[in-house]
Amino acid sequence: MESDAEEETSATPTAGRLKGSPELTVDADMREMAKTAAWSVSSCKAGNGVAALRDDNLDTYWQSDGAQPHLVNIQFQKKVQLQLVVLYVDFKLDESYTPSKISIRAGDGFHNLKEIKTVELAKPVGWVHISLSGADPRETFIHTFMLQIAVLSNHLNGRDTHVRQIKIFGPRPNPVPRQPFHFISREFITYSTIR
Amino acid sequence: METLMVDRIHSSLRLFMHRNAIFLCERLCAQFPSEANLQLLATCYLHNNQPYAAYHILKGKKLPESRYLFAMSCFRMNLLREAEDTLCPVNEPNIESIQVPSGATGNYLLGVIYRCTGRMSAAAEQFTQALTVDPLLWAAYEELCILGVAEDADECFSEATALRLQQEHASTSALEKSNFANENRILSSSLPSSLGDIIPKQMKQLHANITAEVPGYHHVRGTALHVQSSAASNIAQFDTPSPATAQTSSIVPPPLFRNVHAYQNTISVDAPAKQKANGANQPLRRKYLDEARLKKVSGRLFNQSSESLPRRSARLSRDTAINSNSNISQFGGNGTDHSSGKLRVNSSTPSKLCSTAVRSVQVRKGKPRATENFDEGSRNEVIDEMWTDNEPATSSSVTTDGRFFEQDKAERIMSQDSKLAVGIRELLGLLRLLGEGFRLSCLFKCQEALEVFRKLPEPQFNTGWVLCQVGKAYFELVDYLESDHYFELAHRLSPCTLDGMDIYSTVLYHLNAEMRLSYLAQELISIDRLSPQAWCAVGNCFALRKDHETALKNFQRAVQLDSRFAYAHTLCGHEYSALEDYENSLKFYQCALQVDERHYNAWYGLGVVYLRQEKFEFAEHHFRRAFQINPRSSVLMCYLGMALHSLKRNEEALEMMEKAIAADKKNPLPKYQKALILLGLQKYTEALEELERLKEIAPHESSMYALMGKIYKQLNILDKAVFCFGIALDLKPPAADLAIIKAAMEKVHLPDELMDDDL
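Chain order of the listed sequences is V and Y.
Per this note's numbering, numbering of the first sequence is gapless, rising by one per residue and ending at 195.
Per this note's numbering, numbering of the second sequence is gapless, rising by one per residue and ending at 759.
In short, the hints are calculated from the structure, not lab data.
Don't take every hint at face value.
Said to hold, decoys possible - Below are the PhoX-like pairs computed for lysine-lysine, each with C-alpha atoms no more than 25 Å apart in a straight line:
id	chain 1	residue 1	chain 2	residue 2
1	V	Lys167	Y	Lys546
2	V	Lys79	Y	Lys665
3	Y	Lys720	V	Lys79
4	Y	Lys553	Y	Lys587
5	Y	Lys615	V	Lys35
6	V	Lys35	V	Lys45
7	Y	Lys695	Y	Lys683
8	V	Lys35	V	Lys117
9	Y	Lys659	V	Lys117
10	Y	Lys553	V	Lys167
11	Y	Lys665	Y	Lys695
12	V	Lys35	Y	Lys546
13	V	Lys79	V	Lys117
14	Y	Lys695	V	Lys35
15	Y	Lys742	V	Lys35
16	V	Lys78	V	Lys123
17	Y	Lys742	Y	Lys732
18	V	Lys45	V	Lys101
19	V	Lys79	Y	Lys615
20	V	Lys78	Y	Lys546
21	Y	Lys695	V	Lys78
22	V	Lys19	V	Lys123
23	Y	Lys615	V	Lys78
24	V	Lys92	V	Lys35
25	V	Lys123	V	Lys92
26	Y	Lys546	Y	Lys587
Stated by the list, open to error - Here are the in silico distance ranges between beta carbons for each label pair:
id	chain 1	residue 1	chain 2	residue 2	range
27	V	Ala38	Y	Lys666	45 to 51 Å
28	V	Asp59	Y	Thr463	41 to 47 Å
29	Y	Lys683	V	Asp55	53 to 59 Å
30	Y	Arg693	V	Lys123	42 to 48 Å
31	V	Lys79	Y	Ala513	34 to 40 Å
32	V	Glu23	Y	Tyr519	25 to 31 Å
33	Y	Arg492	V	Glu139	51 to 57 Å
34	Y	Arg492	V	Ser40	36 to 42 Å
35	V	Asp56	Y	Ala513	49 to 55 Å
36	Y	Ala513	V	Ala38	38 to 44 Å
37	V	Asp56	Y	Gln594	32 to 38 Å
38	V	Lys123	Y	Asp730	49 to 55 Å
39	V	Lys79	Y	Gly726	55 to 61 Å
No experiment lies behind these values; they were computed from the predicted model shown.
Quick reminder that beta carbons are idealized off the backbone N, C-alpha and C, glycines included.
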């Protein structure tokens, strides 16, 4: 995946910063995970609250209103497998409000969050895909109760930040319940469910 | 003036000029206020899709017809309680007496209301009652099948029924005859004038006809008034609502002939020649005219056989006496020549109106010989022979002398009667086949249903309804390719039949035929944007692309369009389940079950949700219910087995899997599940055997190899384990599986404790 390639290079702060792409490209076997999660932010300006992050509207944005780091907390109802975080930011519109360094932390709750990923952005316009997988295929997913996206710094040393949309992706559940593996061949899939 | 207005209103209704009819009717009611006219006005409103207007004017009226119309408008406006109360007031002890004319349609409506409000046994009772009163009321039989309580079609549409139908005609006719005799005299004055101008025109035509005409056609009364405008189509309206429209039209020959005959009779043959039959004719003729007028309201309104019964009865009214006597005598001296030959000779000089009737009779007669299902084949022969005897008598007599007219009449009546008998039997035979097929497919005995449907004659088979039923039967058998073929045929033959198209879209979904599914969906939407089936198809399209939210929106639209369409609810439930919104999915499945308790898909859906939520007892219960409704589905058996396995009832689970494997050899899932269960029971070698067998059927399934790898690891045959995992990885499983399999591969050489068991 090309976004993976970007990931490897941007793991080190010096080389390969994320640019963002105009389109949201996600594998077919992934789906949005955070619809039933509890979203909260460390601070916000009136009228630009956390709802703007989830309204599928790229014109509305969340604006923070406090000290850095600005935090977006996502708490799930149960332990979930997550694979990808995608943010929409726009340097052309937001300039000094555009995040430049983002840290992603995961854990059971506020008390034991651990950083799992840090990325740097370079004047991004569009969707920024941040994969949470490790190099090892066994580490494709992280299992966690809570995710925290921290904006550590902005472009041009701005204090507050604008983020227009955030989406979290994980694997699709198996359409056939209680199975160790997914079915992929036509013969199995045809007989696997009743519609 | 009143009669003139009524007549114009009827013809406007017939020709779909609803606003004209309403206007005239309102004038009529203003000028001649009477309940009958009010009923006519209500009919006009109902035809014009304004049930609220009909509701308003009929509120509180007590006559049976008014009550039926009022109940119908309530039903259309979804005021089920009121409709029920009207049809069946709580404090009335005797239900029979208050129902609508002939009872059958009233029973049917009441049954539908009971079904909509969830009282299934009461509904079944009503439908059975409707069927006993009128055996040709297909809709009632259909409902009984859907409720799962229909009795064998052979019993419903049997010989006994045929005889009963005939007798009913005879018995009710005498009553009516006396009733109408009085009215005839009153109205007779107004009639001859209108009749007069019509008759001469037709007379010329008919003279030619009379000689060639096969006499047995005077089945249905109609009026000479309707003659001008396509008599055949007109009368067809009055006839029974069976799918065999081709057949009914043949029963329907222009009544005009009879009337004109009668008229001609009275003209040509005067007092001396007037005998009992003749005398009966005159009032009869008048009776036709105004009976038809009066009956027109109810007839067209109900459009059911309720009409044909009294009419047929009058048709036979002439004489059950003559009938029975001559029957016996005729039976005695029968020639052996087949009527078919005679018939064809006659049809060579047919009248315009008569010929199609003759030919269709030919066809009808042909059919019983072709299909072996009619056990009254022998009866037919006899009747045919009776007919042949009549033929020569008729043709000779009419041309010669009016004096023989009565005799002809008697014979014609009898052959009429025989025609009726033949007609009834043929219709019943057809209904029997269709009914049996439908009943079996509702009970999910799909193989038998298919066999029954194959017995249908070809023109009947190649109709939208039958082909959809066949497609549905294959669908239930999980034979999606055949199902696809038949549904496609059905769609091609009758592109505007939307009834089975939701199932067709599901078939295409299962076959993963994205292009064809989206094409179908677009077509259906363009045909009718307001049909729930079209929106179901669109929803299935999106569901195939895993866009569950849009699919859900479409299914919800389908639900909005028709909340009594169970499948739309079920599909909504499936989508919510895919979105993991289990509360809502449970809700929708239960809605579906409220509409139709025998919708096994909804029971299955509930089972799956509970399985995911790990409420295994509930899951097992629901799967079992689904299995009880559809005991032939191997997929259901498989799921039931899975639920049992989760409950740790492994013996039963294995048994169920065996059943599933036996039920459908092509289904790989039960074998896989069986292997899983065996693995859980640590019977590794047997599990492996099962999986080896499975390789034959589905060689490209990564989950299979992954499982095999796991088993080999347990058996400590490590090289094979790695080999299997490798193949599994090659087959490109999704990311989640990829992770698990790779992890498993790397840990192959580690002892068991360190391997995470996610089975």
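Here is what the structure says about each hint:
1. A distance of roughly 17 Å separates the Cα atoms of Lys167 (chain V) and Lys546 (chain Y); the hinted pair therefore holds under the 25 Å criterion.
2. Between the alpha carbons of Lys79 (chain V) and Lys665 (chain Y) the distance comes to roughly 39 Å, so the proposed pair goes past 25 Å and is violated.
3. Under the criterion of a C-alpha separation no larger than 25 Å, the hint pairing Lys720 (chain Y) with Lys79 (chain V) is inconsistent with the structure, at around 34 Å.
4. Restraint check for Lys553 (chain Y) and Lys587 (chain Y): the C-alpha separation of about 16 Å stays at or below 25 Å, so the hint holds.
5. Taken as a hint, the Lys615 (chain Y) and Lys35 (chain V) pair is honoured in the structure, with Cα atoms around 24 Å apart against an allowance of 25 Å.
6. Only pairs whose Cα atoms come within 25 Å are accepted, and Lys35 (chain V) paired with Lys45 (chain V) is accepted, the gap being roughly 23 Å.
7. Taking the CA atoms of Lys695 (chain Y) and Lys683 (chain Y), the gap is about 19 Å. The hint holds against a cut of 25 Å.
8. Using a Cα cut-off of 25 Å, the hinted pair Lys35 (chain V) and Lys117 (chain V) holds, with the two alpha carbons roughly 22 Å apart.
9. Pair hint Lys659 (chain Y) plus Lys117 (chain V) does not hold up; C-alpha atoms about 51 Å apart against a cutoff of 25 Å.
10. Simply put, Lys553 (chain Y) and Lys167 (chain V) have alpha-carbon atoms about 21 Å apart, close enough for the 25 Å limit, and the pair holds.
11. Among the hinted pairs, Lys665 (chain Y) with Lys695 (chain Y) is consistent with the structure: their alpha-carbon atoms are about 13 Å apart, no more than 25 Å.
12. Straight-line distance between C-alpha atoms of Lys35 (chain V) and Lys546 (chain Y) comes to about 16 Å, which keeps the hinted pair within the 25 Å bound.
13. The straight-line distance between the Cα atoms of Lys79 (chain V) and Lys117 (chain V) is roughly 19 Å, inside the 25 Å bound, and the hint therefore holds.
14. At roughly 40 Å between alpha-carbon atoms, Lys695 (chain Y) and Lys35 (chain V) are farther apart than 25 Å, so this suggested pair is violated.
15. Distance hint between Lys742 (chain Y) and Lys35 (chain V) is unfulfilled; the C-alpha atoms sit about 30 Å from each other, more than 25 Å.
16. In summary, the hint linking Lys78 (chain V) to Lys123 (chain V) is not supported, as the alpha carbons are separated by about 35 Å, beyond the 25 Å threshold.
17. Taken as a hint, the Lys742 (chain Y) and Lys732 (chain Y) pair is honoured in the structure, with Cα atoms around 12 Å apart against an allowance of 25 Å.
18. For the hint linking Lys45 (chain V) to Lys101 (chain V), the alpha-carbon distance of about 21 Å falls within 25 Å, and the restraint holds.
19. Between the alpha carbons of Lys79 (chain V) and Lys615 (chain Y) the distance comes to roughly 19 Å, so the proposed pair stays at or under 25 Å and holds.
20. Among the hinted pairs, Lys78 (chain V) with Lys546 (chain Y) is consistent with the structure: their alpha-carbon atoms are about 23 Å apart, no more than 25 Å.
21. Taking the CA atoms of Lys695 (chain Y) and Lys78 (chain V), the gap is near 37 Å; set against the 25 Å cutoff, the hint is violated.
22. With a CA separation close to 6 Å, the supplied pair Lys19 (chain V) and Lys123 (chain V) stays within the 25 Å bound.
23. The straight-line distance between the Cα atoms of Lys615 (chain Y) and Lys78 (chain V) is roughly 17 Å, inside the 25 Å bound, and the hint therefore holds.
24. Distance check on the hinted pair: Lys92 (chain V) and Lys35 (chain V) sit about 29 Å apart at the alpha-carbon level, beyond 25 Å; violated.
25. Pair hint Lys123 (chain V) plus Lys92 (chain V) holds up; C-alpha atoms about 8 Å apart against a cutoff of 25 Å.
26. At roughly 22 Å between alpha-carbon atoms, Lys546 (chain Y) and Lys587 (chain Y) fall within 25 Å of each other, so this suggested pair holds.
27. Restraint check, Ala38 (chain V) to Lys666 (chain Y): a C-beta distance of roughly 47 Å satisfies the suggested window 45 to 51 Å.
28. At roughly 55 Å, the beta carbons of Asp59 (chain V) and Thr463 (chain Y) sit outside the given window of 41 to 47 Å.
29. As the Cβ distance of Lys683 (chain Y) to Asp55 (chain V) is approximately 54 Å, the hint placing it in 53 to 59 Å holds.
30. Arg693 (chain Y) and Lys123 (chain V) have their C-beta atoms about 59 Å apart, which leaves the hinted 42 to 48 Å range violated.
31. In this structure the supplied range 34 to 40 Å holds for Lys79 (chain V) paired with Ala513 (chain Y), their Cβ-Cβ distance being about 38 Å.
32. At about 27 Å, the CB distance of Glu23 (chain V) to Tyr519 (chain Y) agrees with the hint of 25 to 31 Å.
33. Restraint check, Arg492 (chain Y) to Glu139 (chain V): a C-beta distance of roughly 53 Å satisfies the suggested window 51 to 57 Å.
34. For the hinted restraint 36 to 42 Å between Arg492 (chain Y) and Ser40 (chain V), the CB-CB distance of approximately 57 Å leaves it violated.
35. For Asp56 (chain V) and Ala513 (chain Y), the hinted distance range of 49 to 55 Å is not satisfied, since their beta carbons lie about 31 Å from each other.
36. Here the CB-CB span from Ala513 (chain Y) to Ala38 (chain V) is close to 41 Å, well matched to the stated 38 to 44 Å.
37. One distance hint, 32 to 38 Å for the beta-carbon pair Asp56 (chain V) and Gln594 (chain Y), holds here, with the actual separation near 34 Å.
38. Evaluation of the 49 to 55 Å hint for Lys123 (chain V) and Asp730 (chain Y) yields a failure: the beta carbon distance comes to about 41 Å.
39. A C-beta distance of roughly 31 Å is found between Lys79 (chain V) and Gly726 (chain Y), which places it outside the suggested range of 55 to 61 Å.
Consistency with the previously given hints fails for numbers 2, 3, 9, 14, 15, 16, 21, 24, 28, 30, 34, 35, 38, 39, ordered from lowest to highest.
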